[in-house]
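Enquirer: Chains A and B supply the protein sequences, listed in that same order. Every letter in the first sequence is one number past the one before it in my numbering, and letter 135, counting from 1, is 135. Every letter in the second sequence is one number past the one before it in my numbering, and letter 194, counting from 1, is 194.
Any given hint could turn out to be false.
Every beta carbon over 12 Å from chain A, so not counted as near; a handful from chain B, in silico [what the hints assert, rightly or not]: (1) H4; (2) E42; (3) D59; (4) G144; (5) R185; (6) T261; (7) E262.
Now the stretches of chain A that chain B is said to cover, found in silico as 3 or more residues with beta-carbon under 8 Å [what the hints assert, rightly or not]: (8) 9-20; (9) 37-47; (10) 56-67; (11) 73-85; (12) 99-110; (13) 201-210.
Keep in mind the hints are simulated off the structure, nothing from the lab. Backbone N, C-alpha and C define an ideal beta-carbon position, used for all residues, glycine too.
There are 2 protein chains.
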Amino acid sequence: MSSHFPLARLAVLGTGLIGGSVARAAHRLRLCRELALYSRGEEREVVTAAGIADVVTEDPIEAVRQADLVVIALPIAAMGPVLRTVRDSLDSKAVVTDTASVKLPAMRLFQENLDGRVRWVGSHPMSGGERSGFSFARSNLFEGAVSILTPPENPDGEALALVETLWLSLGCRIVRLSALEHDRRVAAVSHLPHLLAAALIRSVDCDALDLAGPGFRDVTRIAAASPEMWQEILLANRENVLAALRSFLTHLDEASVSLQTETGAALKQFLLEASERRQSFEKFPS
Amino acid sequence: MSSHFPLARLAVLGTGLIGGSVARAAHRLRLCRELALYSRGEEREVVTAAGIADVVTEDPIEAVRQADLVVIALPIAAMGPVLRTVRDSLDSKAVVTDTASVKLPAMRLFQENLDGRVRWVGSHPMSGGERSGFSFARSNLFEGAVSILTPPENPDGEALALVETLWLSLGCRIVRLSALEHDRRVAAVSHLPHLLAAALIRSVDCDALDLAGPGFRDVTRIAAASPEMWQEILLANRENVLAALRSFLTHLDEASVSLQTETGAALKQFLLEASERRQSFEKFPS
Numbered sequence: 001m002s003s004h005f006p007l008a009r010l011a012v013l014g015t016g017l018i019g020g021s022v023a024r025a026a027h028r029l030r031l032c033r034e035l036a037l038y039s040r041g042e043e044r045e046v047v048t049a050a051g052i053a054d055v056v057t058e059d060p061i062e063a064v065r066q067a068d069l070v071v072i073a074l075p076i077a078a079m080g081p082v083l084r085t086v087r088d089s090l091d092s093k094a095v096v097t098d099t100a101s102v103k104l105p106a107m108r109l110f111q112e113n114l115d116g117r118v119r120w121v122g123s124h125p126m127s128g129g130e131r132s133g134f135s136f137a138r139s140n141l142f143e144g145a146v147s148i149l150t151p152p153e154n155p156d157g158e159a160l161a162l163v164e165t166l167w168l169s170l171g172c173r174i175v176r177l178s179a180l181e182h183d184r185r186v187a188a189v190s191h192l193p194h195l196l197a198a199a200l201i202r203s204v205d206c207d208a209l210d211l212a213g214p215g216f217r218d219v220t221r222i223a224a225a226s227p228e229m230w231q232e233i234l235l236a237n238r239e240n241v242l243a244a245l246r247s248f249l250t251h252l253d254e255a256s257v258s259l260q261t262e263t264g265a266a267l268k269q270f271l272l273e274a275s276e277r278r279q280s281f282e283k284f285p286s
Numbered sequence: 001m002s003s004h005f006p007l008a009r010l011a012v013l014g015t016g017l018i019g020g021s022v023a024r025a026a027h028r029l030r031l032c033r034e035l036a037l038y039s040r041g042e043e044r045e046v047v048t049a050a051g052i053a054d055v056v057t058e059d060p061i062e063a064v065r066q067a068d069l070v071v072i073a074l075p076i077a078a079m080g081p082v083l084r085t086v087r088d089s090l091d092s093k094a095v096v097t098d099t100a101s102v103k104l105p106a107m108r109l110f111q112e113n114l115d116g117r118v119r120w121v122g123s124h125p126m127s128g129g130e131r132s133g134f135s136f137a138r139s140n141l142f143e144g145a146v147s148i149l150t151p152p153e154n155p156d157g158e159a160l161a162l163v164e165t166l167w168l169s170l171g172c173r174i175v176r177l178s179a180l181e182h183d184r185r186v187a188a189v190s191h192l193p194h195l196l197a198a199a200l201i202r203s204v205d206c207d208a209l210d211l212a213g214p215g216f217r218d219v220t221r222i223a224a225a226s227p228e229m230w231q232e233i234l235l236a237n238r239e240n241v242l243a244a245l246r247s248f249l250t251h252l253d254e255a256s257v258s259l260q261t262e263t264g265a266a267l268k269q270f271l272l273e274a275s276e277r278r279q280s281f282e283k284f285p286s
């Protein structure tokens, strides 16, 4: 663990699945001497009752005060207002990161609000799933996950090390990418699959749904996730999602033509390449 | 358990994942006094070594002799030759079932070879997954799965009860459908999802694949399955798969248009309906 840990004060803004899990892990692993959480509405009571934080507040300024690391785990739409509210109250030595699923818009908010004031590094821990909210948060949510860091153009080494150590402590494998490249790749492996799962479950008649086995269950699981969250993600990354969709449709069309023309050899080759690719993927570190 | 169980002799033709799991379950649950398996090639040695059967033979005639229930767990391409080989050696009181994923062609083979000689009932246990072969067979594979029975037009009550009791004993929930209706519905919840998963994993660049999280893993898992088996299934059920694909593409296009035109409300409605549908599905008995 870097010499900065345990942190004097860690602030987590947002206590949904991701923010709540960061908080639970920080508490369990004693990553900070003081843990401050910004939580709103009904969830705040549940978060307070969990007894993991020193401060649970509806005031983001109170949460970030004297924090050496601030993790913003809020929808992108909420990130801007919160950043404008807290930017003058951040410690000049603080490092700010976020957990947004689309990094270009998050980076722009950091640039507008923090550049020249406070150091920042973008993060995207590829965890989560179909459930949301603090009640599903767990301290081991990030174990074995990839956390993608999207640093600014000329990153501060210390800030980068601090954010990297946070995710490493939580059990992540680190990948560094530009925000642009992050958004392109994640469109393909996360955002498009969500859209496909949603379209698939909508396209199946209820009488057929009753027959579905574990394969269908797996394929469509992510479609159960929060529509509000996914609407925001898909719109924020629409150009990349549409490009990934075009690529997918090209491949699907190839299979469809093989089926229509009953070209068994081509269909088998299509399935063989997919199978090999999926099997080699299973061997990747996760 | 029906009065026919334990069976005097159960014959399972084919010892891949499905046939092997039927055999393992029959052994564990003592569903028969004698268990005879038809197994070929290298797998036969492994099956013999498992010590679960009284007879493991490369001769299907030897396997079916005096069996009161015969389960054919072979690819459709192998079913015809085996049926022609064994039909004159079947006990006149025997009942024959199969486990093929597409029921119309399997039904035609039963009609051609067994009608007027021996009673038959089609079965399709909706289990399996991305792995195949005897080494993955397990006695609890069918627990909690749906088994779809596709009886002939004027089914024999006793034959139907016998096959139904087999799958109930193995832990299945039973659904009865015509072969036609089976093939239509299963195209939507099993065959099309396989094609989509294969097209998705092919469409993703390797650099993006390295970032994939548990969601992507779930969506694409089934694509790892045997290309030979799936080529046969998709071609055998091509009309229904193509119809399911058209329905899927209509829904996907709806989402794509919402994204292209940045119509957030429509996109959210699309995702909301998918999420509700997926959540209600999770409550179904499985």
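Enquirer: Hint by hint, note whether the structure agrees.
Expert: Hint-by-hint comparison with the structure:
Every CB of chain A is more than 12 Å from the CB of H4 of chain B (nearest about 27 Å), matching its label as outside the interface. With a least beta-carbon separation of about 21 Å from chain A, E42 of chain B lies farther than 12 Å from that chain, consistent with its non-interface assignment. At the 12 Å boundary, the C-beta of D59 of chain B stays outside the reach of chain A, the nearest C-beta of that chain being 30 Å off. A cut-off of 12 Å between C-beta atoms contradicts the statement that G144 of chain B is not in contact with chain A; the least separation is 9 Å.
Distance check on R185 of chain B: its Cβ comes as close as 4 Å (rounded) to a Cβ of chain A, failing to clear the 12 Å threshold; non-interface status is violated. With a least beta-carbon separation of about 10 Å from chain A, T261 of chain B fails to lie farther than 12 Å from that chain, contradicting its non-interface assignment. Distance check for E262 of chain B against chain A: the nearest CB is about 6 Å away, which does not clear 12 Å, and the non-interface claim fails. Counting residues of the region 9-20 of chain A whose beta carbon lies closer than 8 Å to any beta carbon of chain B gives 0, which falls short of the minimum of three for the stated coverage.
Counting residues of the region 37-47 of chain A whose beta-carbon sits less than 8 Å from any beta-carbon of chain B gives 0, not enough to reach three: the coverage restraint is violated. Judged by the Cβ-Cβ criterion of 8 Å, the region 56-67 of chain A is not covered by chain B as claimed, because only 0 of its residues qualify and three are needed. For the region 73-85 of chain A, the stated coverage by chain B is not satisfied: 0 residues place a CB nearer than 8 Å to a CB of that chain, which falls below the threshold of 3. Check on the region 99-110 of chain A: 0 of its residues sit with their Cβ under 8 Å from a Cβ of chain B, so the three-residue criterion for coverage is violated.
Counting residues of the region 201-210 of chain A whose C-beta lies closer than 8 Å to any C-beta of chain B gives 9; at least three are required, and the coverage claim holds.
In this structure, the earlier hints numbered 4, 5, 6, 7, 8, 9, 10, 11 and 12 are contradicted, and the remaining ones agree with it.
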